[in-house]
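Colleague: Starting from the known structure of chain F, fit chain Y onto it as the hints suggest.
Chains as they are written, first to last, in numbering that gives the first Met the number 0: chain F, 0 to 138; chain Y, 0 to 304.
Treat each hint with caution, since some may be false.
[Unchecked claim] Mimicking EDC-like on lysine to aspartate or glutamate, the simulated pairs with C-alpha atoms at most 16 Å apart in a straight line are:
hint, chain 1, residue 1, chain 2, residue 2
1, Y, K214, F, D1
2, F, K89, Y, E173
3, Y, K156, Y, E186
4, Y, K224, Y, D254
5, F, K35, Y, E180
6, Y, K122, Y, E112
7, F, K21, Y, D254
8, Y, K299, Y, D288
9, Y, K214, F, D109
Derived from the structure by calculation, the hints contain no laboratory data.
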Amino acid sequence: MDTTLRITSARDGSSFVASIEKISGQKLLACYQCGKCSAGCPMAAHMDVLPNQMIRMAQLGMQKQLLATRSIWMCVSCLTCNSRCPKGIKIAEVFEALRRTALRAGQRDDHLKIMELTPEARSVLPPIATISAMRKLTS
Amino acid sequence: MGNENKPMKLAYYPGCTLKNQATNFDVSTVSSMAKLDVEVEELDRWNCCGTVHALDSDNVMNRVAPITNMIRVKEAQARTEGMASEFMTGCAMCYNTLKRANIDVKSRSDALETINNFLSLEKTKYEGDVEVLHLLEYLRDRVGFDNLAKKVTKPLKGLRVACYYGCLLLRPKEVAFDDVENPTIMENLIRALGATPVEFSHKAECCGAHLTVGKPEVIADRTDKIMGSAHEERADLVVVSCPLCAFNLDFRQDDAKRLNPDFHNMPVLYFTQLMALAFGCDKPALRFDLQHIDPLPVLKARGLD
Numbered sequence: 000m001d002t003t004l005r006i007t008s009a010r011d012g013s014s015f016v017a018s019i020e021k022i023s024g025q026k027l028l029a030c031y032q033c034g035k036c037s038a039g040c041p042m043a044a045h046m047d048v049l050p051n052q053m054i055r056m057a058q059l060g061m062q063k064q065l066l067a068t069r070s071i072w073m074c075v076s077c078l079t080c081n082s083r084c085p086k087g088i089k090i091a092e093v094f095e096a097l098r099r100t101a102l103r104a105g106q107r108d109d110h111l112k113i114m115e116l117t118p119e120a121r122s123v124l125p126p127i128a129t130i131s132a133m134r135k136l137t138s
Numbered sequence: 000m001g002n003e004n005k006p007m008k009l010a011y012y013p014g015c016t017l018k019n020q021a022t023n024f025d026v027s028t029v030s031s032m033a034k035l036d037v038e039v040e041e042l043d044r045w046n047c048c049g050t051v052h053a054l055d056s057d058n059v060m061n062r063v064a065p066i067t068n069m070i071r072v073k074e075a076q077a078r079t080e081g082m083a084s085e086f087m088t089g090c091a092m093c094y095n096t097l098k099r100a101n102i103d104v105k106s107r108s109d110a111l112e113t114i115n116n117f118l119s120l121e122k123t124k125y126e127g128d129v130e131v132l133h134l135l136e137y138l139r140d141r142v143g144f145d146n147l148a149k150k151v152t153k154p155l156k157g158l159r160v161a162c163y164y165g166c167l168l169l170r171p172k173e174v175a176f177d178d179v180e181n182p183t184i185m186e187n188l189i190r191a192l193g194a195t196p197v198e199f200s201h202k203a204e205c206c207g208a209h210l211t212v213g214k215p216e217v218i219a220d221r222t223d224k225i226m227g228s229a230h231e232e233r234a235d236l237v238v239v240s241c242p243l244c245a246f247n248l249d250f251r252q253d254d255a256k257r258l259n260p261d262f263h264n265m266p267v268l269y270f271t272q273l274m275a276l277a278f279g280c281d282k283p284a285l286r287f288d289l290q291h292i293d294p295l296p297v298l299k300a301r302g303l304d
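This is chain F alone, in the form it adopts within the complex:
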């Protein structure tokens, strides 16, 4: 066998990793996959990829897959993961960085079309709901 295995720090997604680390202010490699974030996440049941898996994918720079997850739009920044992470990683900040990346760049991928709600649905909503939803889900 003359296969050469080259181990290098240069990866395709490394600029994406750097950008997520910068926007979130977190060191992704601090995560050792204990899973505590996913265990306590109240929204995990509604996610397609669990929070600890999201962090692993972020370490690996899997930009396309991450930005296509349902999970980034299901996280509501309740910060339970942050307060329980034994490594002090602010997982919710990483999710925010991913959401912002989807909202800031390219097609400005809004995940709430407020005008598509029925007038009845809109009329009962308090401002605290609409303002927070627009802050979190629209560009």
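Modeller: Below, chain Y without anything else, positioned relative to chain F:
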């Protein structure tokens, strides 16, 4: 409780929803504080806090709205005798957003400078010299629950109350004024009012927050679990400090019932409404008519209507 004869003056930030759907939270807060001899003065020209603290580290823009309110507090303080450089809000979301922005600019002079530049038309500059207080911590630390108990004219005897904290009173720990995992401040208040606090598993679990706008089916599931855990412990009602939690746990009960036919409807009140009730405030200070699930049958059953 401060000076014996003079009522204390406290700047008050109600927030948008307390001036719309949640006027029951607003009027019960102001009326209860009057009974406690605290003169609450609503800030002049307060503006929306933005509801959520932006978690992206390079976001200074979303701090501008909260910091503008700090300037309003300084203005109020400058023209009001006996007012400290602090203000109180009852809304958990406003509290969290205002407090976090304040902590942020106190530790980042560059961000504060950028914000002051944005606000260059303001006569007053913000220098990180205002303190943000939540009503619950004000009641515990300044008024004292023992003193508060003395003002109770109608003890809420026999009423079983589940205190729901949600997220924003507790997390992150820099803004928490109680234990992050097992808070007790609301239970202690409820006890001072003569009621019986009920422990339940979901008291600090998120209600799903803003997903209520586009994904009410997700909130139905959260409401089913949270209210269900309070029902399991035989609570009569749930109290909250957040108008978004209140909306999700109260108004989305119809959706929860559709999701789970065994779901048991239960009233959701603001903790200030129970205070006003225990202090003997009149009906206009309670506004139970704004609740989606009517609390009167439960209160009547306990002889508290």
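Colleague: Each of the hints needs a verdict: does it hold here or not?
Modeller: Now the hints, each set against the structure:
{"no.": "1", "hint": "Y:K214 x F:D1", "result": "violated (55 Å)"}
{"no.": "2", "hint": "F:K89 x Y:E173", "result": "holds (13 Å)"}
{"no.": "3", "hint": "Y:K156 x Y:E186", "result": "holds (14 Å)"}
{"no.": "4", "hint": "Y:K224 x Y:D254", "result": "holds (12 Å)"}
{"no.": "5", "hint": "F:K35 x Y:E180", "result": "holds (14 Å)"}
{"no.": "6", "hint": "Y:K122 x Y:E112", "result": "holds (15 Å)"}
{"no.": "7", "hint": "F:K21 x Y:D254", "result": "violated (40 Å)"}
{"no.": "8", "hint": "Y:K299 x Y:D288", "result": "holds (15 Å)"}
{"no.": "9", "hint": "Y:K214 x F:D109", "result": "holds (14 Å)"}
Of the hints listed earlier, those the structure fails to meet are numbers 1, 7, in rising order.
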